[in-house]
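K.L.:
The primary structure of each chain is shown beneath.
There are 2 protein chains.
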Amino acid sequence: MITRLSQLFLRTLRDDPADAEVPSHKLLVRAGYVRRIAPGVYSWLPLGLRVLREVERVVREEMDAIGAQEISLPALLPREPYETSNRWTEYGPDLFRLQDRKGNDYLLGPTHEEMFALTVKGEYNSYKDFPVTLYQVQAKYRDEQRPRAGILRGREFIMKDSYSFDLTDEGLADSYRAHRDAYERILARLGVKYVIVSATSGAMGGSASEEFLAESEIGEDTYVRCLESGYAANVEAVKTLAPQPIPLDGLPAAQVHDTPGTESIDTLVDWANAAELGRTVTGADTLKNIMVKTRVPGGEWELLGIGIPGDREVDEKRLEAALEPAEYVLITETDFANNPFLIKGYIGPKALQDNDVRYLVDPRVVDGTAWITGADEQGKHYVDLVAGRDFTPDGTIEAAEVRDGDPSPDGAGTLVAARGIEVGHVFQLGRKYTDAFEVNVLGENGKPVRPTMGSYGIGVSRLVAVIAEQHHDDKGLRWPAEVSPADVHVVIANKDESAREGAETLASELDKSGVSVILDDRKSSPGVKFKDSELLGVPLVVVVGRGWAEGKVELRDRFTGESREVATERALGEVLATLRD
Amino acid sequence: MITRLSQLFLRTLRDDPADAEVPSHKLLVRAGYVRRIAPGVYSWLPLGLRVLREVERVVREEMDAIGAQEISLPALLPREPYETSNRWTEYGPDLFRLQDRKGNDYLLGPTHEEMFALTVKGEYNSYKDFPVTLYQVQAKYRDEQRPRAGILRGREFIMKDSYSFDLTDEGLADSYRAHRDAYERILARLGVKYVIVSATSGAMGGSASEEFLAESEIGEDTYVRCLESGYAANVEAVKTLAPQPIPLDGLPAAQVHDTPGTESIDTLVDWANAAELGRTVTGADTLKNIMVKTRVPGGEWELLGIGIPGDREVDEKRLEAALEPAEYVLITETDFANNPFLIKGYIGPKALQDNDVRYLVDPRVVDGTAWITGADEQGKHYVDLVAGRDFTPDGTIEAAEVRDGDPSPDGAGTLVAARGIEVGHVFQLGRKYTDAFEVNVLGENGKPVRPTMGSYGIGVSRLVAVIAEQHHDDKGLRWPAEVSPADVHVVIANKDESAREGAETLASELDKSGVSVILDDRKSSPGVKFKDSELLGVPLVVVVGRGWAEGKVELRDRFTGESREVATERALGEVLATLRD
Chain A
1 MITRLSQLFL RTLRDDPADA EVPSHKLLVR AGYVRRIAPG VYSWLPLGLR VLREVERVVR
61 EEMDAIGAQE ISLPALLPRE PYETSNRWTE YGPDLFRLQD RKGNDYLLGP THEEMFALTV
121 KGEYNSYKDF PVTLYQVQAK YRDEQRPRAG ILRGREFIMK DSYSFDLTDE GLADSYRAHR
181 DAYERILARL GVKYVIVSAT SGAMGGSASE EFLAESEIGE DTYVRCLESG YAANVEAVKT
241 LAPQPIPLDG LPAAQVHDTP GTESIDTLVD WANAAELGRT VTGADTLKNI MVKTRVPGGE
301 WELLGIGIPG DREVDEKRLE AALEPAEYVL ITETDFANNP FLIKGYIGPK ALQDNDVRYL
361 VDPRVVDGTA WITGADEQGK HYVDLVAGRD FTPDGTIEAA EVRDGDPSPD GAGTLVAARG
421 IEVGHVFQLG RKYTDAFEVN VLGENGKPVR PTMGSYGIGV SRLVAVIAEQ HHDDKGLRWP
481 AEVSPADVHV VIANKDESAR EGAETLASEL DKSGVSVILD DRKSSPGVKF KDSELLGVPL
541 VVVVGRGWAE GKVELRDRFT GESREVATER ALGEVLATLR D
Chain B
1 MITRLSQLFL RTLRDDPADA EVPSHKLLVR AGYVRRIAPG VYSWLPLGLR VLREVERVVR
61 EEMDAIGAQE ISLPALLPRE PYETSNRWTE YGPDLFRLQD RKGNDYLLGP THEEMFALTV
121 KGEYNSYKDF PVTLYQVQAK YRDEQRPRAG ILRGREFIMK DSYSFDLTDE GLADSYRAHR
181 DAYERILARL GVKYVIVSAT SGAMGGSASE EFLAESEIGE DTYVRCLESG YAANVEAVKT
241 LAPQPIPLDG LPAAQVHDTP GTESIDTLVD WANAAELGRT VTGADTLKNI MVKTRVPGGE
301 WELLGIGIPG DREVDEKRLE AALEPAEYVL ITETDFANNP FLIKGYIGPK ALQDNDVRYL
361 VDPRVVDGTA WITGADEQGK HYVDLVAGRD FTPDGTIEAA EVRDGDPSPD GAGTLVAARG
421 IEVGHVFQLG RKYTDAFEVN VLGENGKPVR PTMGSYGIGV SRLVAVIAEQ HHDDKGLRWP
481 AEVSPADVHV VIANKDESAR EGAETLASEL DKSGVSVILD DRKSSPGVKF KDSELLGVPL
541 VVVVGRGWAE GKVELRDRFT GESREVATER ALGEVLATLR D
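Protein chains in written order, with our numbering: chain A, 1 to 581; chain B, 1 to 581.
One chain only, chain A, in its complex shape (with noise of 0.2 Å):
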């Protein structure tokens, strides 16, 4: 296929959008790949497509190759099935929803995990058929609140999802190993830099669960990775490294201390190494206990304590991964008024118990550990209140912040923060969805068995931008081979007669060997087609330019920026064996 600049509805830009902040958005919007719509939803042009095109074919390969079969959902669905999974509340704002001309409920598709289990369920009633695993690439909706970085992360984006359908734990066991092999072999022929971390399934629902993050300073997602162990996982994934317990036995009591003005963890780690205690204190020697209330939804909202060590804050998503699927809020000033035992500033384990409060603490705060705490009256902390002695936590919570220079779980070494863009993601899923549908297929044994089953996505539009974003340089894209809209961009810059048709012949032989030619054919000048060259980011550019009369060709390759000369009798093989490397 020969593609002309001069037919091309195709217009760059040679300044940023001021919408922009990253660079894939930045130059995706610049040489006229996307243009935006609204907030989150993105129209493609033609080349724009192409690249999406060619990520959705490496995809598809990929899908096929390990068996699972593409089928097409809609995007537009009815209440009922998300209703029975409770995802129709669960997803809160996140959901499209509408209703039709007759006032019925409709949502436009986030994930079809409910929609393809009842597909199976309708198609499939014996074990004979197992194991099957379908899926779609489809555009999926997410009302995002906060849509960013172009198509990076938008609330109409293409997505591949697939759903596995095994009768064993095994099977299971198996199908998930089948797609993260999958996107390993996907990212890998795009290009993509990545790492797999441990995730927590959120909404989801289910057990094992890992992510594939694109590794990228711009990424929203913040994972910790061990380079001893290469252990890496999500910041709400990591399980903290719990010291040993200490026997209780010969541990000073606990003594109440008046400690006034001391409501933050400042204030009193200042008052404990004032008042010579015989060690020095720092933060990671007091508990400070934050109140929240948590509610299942639809059901009461209860408090909650929370109890982590005061030299580290609250990771909020940690504590909301932590919770799921309740929810929770911060309390307020009515709840102190309400709940008269909340002193603030000096909220201690003991009035929580007294009261009959849910107490969770840090998996530091093992037993025998001593800490320098509030004592539930105004102006009053503990010092050396003893867990497992002196208080007693219903459990723990995996709610605190994790730091560079954290242990890792593995006890390997420590972790490193670092910053990803989910672009992949295999759960585990388990029977939630088929129980919720009771997906019942007849055993070999001729009992009923359920299904369990797993599932898998991977955003295709997003890739695009992740491509962009780790493959380019300051004068533009450098799409990898594989998804290239071109295989090679002829510029023709010499206006001399015969050096058009020799680029229109070069263009034209190229396309009978099979290779896509994006020809630069237009009246401009060669600054600016060098530029649009460089912009548009065809890995292989051929310039047919001041050489020519010398009968010769220049070869530029966009990813190293070197060029050289060729013979122009010479060019054709020459481009073909580039190509072929």
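What the hints contain is simulated information worked out from the structure, not anything from laboratory work. Among the hints, erroneous ones may be present.
Pairs count within a copy or across copies, as identical chains cannot be separated in the list.
[As the list claims (entries may be wrong)] As a list, the in silico BS3-like pairs of lysine-lysine whose alpha-carbon atoms are at most 30 Å apart: (1) Lys102 to Lys293; (2) Lys293 to Lys552; (3) Lys523 to Lys475; (4) Lys317 to Lys121; (5) Lys495 to Lys552; (6) Lys317 to Lys102; (7) Lys531 to Lys512; (8) Lys552 to Lys531; (9) Lys523 to Lys432; (10) Lys239 to Lys475; (11) Lys293 to Lys432; (12) Lys128 to Lys531.
These numbers were taken from a predicted model, which means no experiment stands behind them.
Following the hints, complete the assembly by docking chain B onto the known chain A.
P.N.:
Relative to chain A, chain B alone:
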């Protein structure tokens, strides 16, 4: 590609689905091609999706061949552009509307004129950029009042829509012609029998407009054709052939008669023939006046009188099309009460004109025609009330039904009615949308030029149903080769292990030759397999069955029903030769 039925996500059904009335719907569900999710909302299972993709491929090839460029706009669209064009209101309840979390209004795109006009405005600004034609293949949404016949009339459906932008009317005519020709090629390749009919443009605005109707008894569109001239038109678009005006001189004067109890045309005709008027009277000699109220969207309701010959009914679709974009309702008892000059059963032109009510008549009511019509008093009618002498209508309206035997508008013969399914539509839209969005480009003379638009749609998912509707028998589907989900269906109908191996070898050799194969390798009986091969509808079936022991396989033609035996060693060559034909 080899698709093994032992693995394929497919369950064929022996019984017709309860909600299906038309053959394509029954068969596409029974053969496991599509499944219902909600009214007018379907999912595509593996084989259905393949057929859909084949139709898309043919459409894309023909669009690319006329130089149209593919882009992709979102389905989720902001309200503002549709507000500007007035279609946010005009579309009425057919439009799916929704709000995002911030309360902003959105819609699900039913068609994209607004967005394409804005897209071209955003990129192009000079006469040098034109003409340009853009297209997309995409899910569209219309909240049909009566979703019908499976995927034939869905609420979420796949459509190819394209839009041409030209600077001159001649250019628009060329773009229109190119699309018209492309649609003819598409339908020919898909094996669809169709007619092209003149059409009104409905809510789209604009002038020249034709519909491609697939011939089908189950079609919802009634069209008429003149067998003598080849004229064909949508019923809404038929222009009545008006008779010549009659000189007024010498016509008898109008007389008022007592006609008690003649509220209906039948009773009026009976009275007239009993009254010895000196001629035989039929309903065609009477003029009945129907009262409606109309308003442009957002405007006030106004009375409108419509006069048509008494032997014809009002055709609601024609009336609706004639009044568009205004809407109408029949008047109520309250309206009669508020307008005492309207005497039910005796309404005549005179009271309407005396009371400044707009009055439109059928084109047959030309000057000099004499009518029996209401005299605006209880139990009284005029005889010989002459148009152009005794009353002067405000204009004509195409509201009366069209009948078999009516003269063709081109005067070449008579009209006969037939039914069809709209599969394509081509419009010369003109400047409705470029005016609305003030799309100006720099003209060759330095002055601004406003591009003129064409709009062209073809129903991709509907075509799957139409092909099934036109190509099936009582045993199942019969796909034309261009869209078949596979090239060959190989049935293993012999339990002998060597037969199975032979079938596998044949499938593998076909695959290597680039032929896509469905291989029925299930353990089912030959009878079940034969039935499924007929139901699924691949045009060429190879049976490795009884003849295997004598070195023979059977080739079955699904279209003709013919079968022949060929020697096993010649099977590959025979299949390839058959596919080439």
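K.L.:
So which of those numbered hints doesn't the model satisfy?
P.N.:
Hints 2, 4, 9, 10 not satisfied by this model.
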